[in-house]
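Peer 1: Read off the chains here:
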Amino acid sequence: VKVDKYLPLSEASYYVLLALHRPLHGYGVMQEVETLSEGTVTLGPGTLYGAFGSLEKQGLIAKVSEEERRKIYALTPLGQAVLAEQVKRLELMVRNARAVLGTINATKGMAA
Amino acid sequence: MSAGKVVKWKWTTVWNFEKEEAWLRERAREGLHLDHASPWGRYVFRRGAPADVVYRLDYARDAQGDRAYVQLFEDAGWELALSCMGWQYWRKAASAGAEPQIFTDRASRAAMLERVRRLVLFIAFPNVVVAAQNLFLQDHSHGSFVMGFFEGIQIALVPLLALGLWSVTRKLQALRFQL
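Those protein sequences? They're chains A and B, same order as listed.
No gaps in the numbering here: position 29 of the first sequence is 759 in the working numbering, and each next residue is one more.
No gaps in the numbering here: position 68 of the second sequence is 89 in the working numbering, and each next residue is one more.
Derived by calculation from the structure, the hints in this document are not laboratory data.
Careful, some of the hints might be misleading.
Rough simulated footprint, nothing fancy, chain A against chain B, three-plus residues with beta-carbon under 8 Å [claimed, not checked]:
id, segment
1, 82-96
2, 123-134
Partner residues aside, some chain A positions facing chain B, computed with beta carbon under 10 Å [claimed, not checked]:
id, residue
3, Glu741
4, His755
5, Gly756
6, Gly758
7, Gly769
8, Val771
9, Gly774
10, Leu778
11, Ser795
12, Glu798
13, Arg799
The C-beta atom is built at its ideal place from N, Cα and C for all residues, glycine as well.
Using the sequences provided together with the hints, build the complete structure.
Peer 2: Next up, the structure:
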């Protein structure tokens with residue numbers, strides 16, 4: 731599957747996909763994201779409604795059922811693949827940063 | 022008009038919706054809570070206890086009839102104060118120190134501004150065509166005063182809409198520059 735064109739995900743999209751590892755409705759996603767991100771990412775309802783719309787259009791999430799007036803979404807196989815690739819890239823970014831910053835800190839240590 | 026209702030007139034433009042949000046919040050602090058309004062600037066308020074209530078406007082024509090859209094906002098603690106020609110007026114009590122937002126990232130804020138920009142373009146385009154036709158193509162020697170009056174208003178709208186387009190485009194560029 732070609733996932734490159736969906737990457738990099740915005741912080742909002744990334745956390746929405748992460749929250750949808752199990753089916754949830756909108757408010758459930760808001761709460762899950764708040765918890766997962768330790769309060770660093772808050773999703774307003776306007777932002778989340780737009781994210782649902784575009785992620786559904788891209789085929790990364792799909793509506794699985796409806797409870798009263800709430801749509802319940804879940805990741806599609808494509809969404810899972812995109813999320814997995816994003817996580818791989820983030821891990822590489824963190825490893826890179828640790829390596830570079832570790833070298834800088836070690837050099838500073840020698841100079842002192 | 023019942024006793025608890027207060028009518029206020031205010032000139033607003035779609036590209037200055039943040040000013041309208043701030044104005045509605047000031048009214049709420051005076052105890053005037055939005056009840057309904059008309060597109061030509063007539064606002065009807067319900068008199069109640071003064072409160073710090075934040076208003077946020079969303080221009081979303083597609084969402085207007087979507088029950089899931091309204092439910093999502095309500096679940097997040099927002100109340101739909103008014104729905105008018107694609108504009109949704111949301112409000113929420115401001116908790117101490119916090120400024121509740123319906124759009125929480127630059128991308129979604131930019132998407133909303135882009136919808137407003139398209140609205141201004143949509144209004145402006147036929148206006149420019151008709152105004153140009155009135156100015157350059159018509160024989161003005163036989164025009165009535167009434168026709169002249171309406172044509173005058175029509176032509177005056179062109180620079181106003183141009184100002185609106187410039188204003189919303191500038192806001193969009195400022196947002197995108199930060200991305």
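Peer 1: Hints broken by the structure, by number, lowest first?
Peer 2: Failing hints, ascending: 7 and 11.
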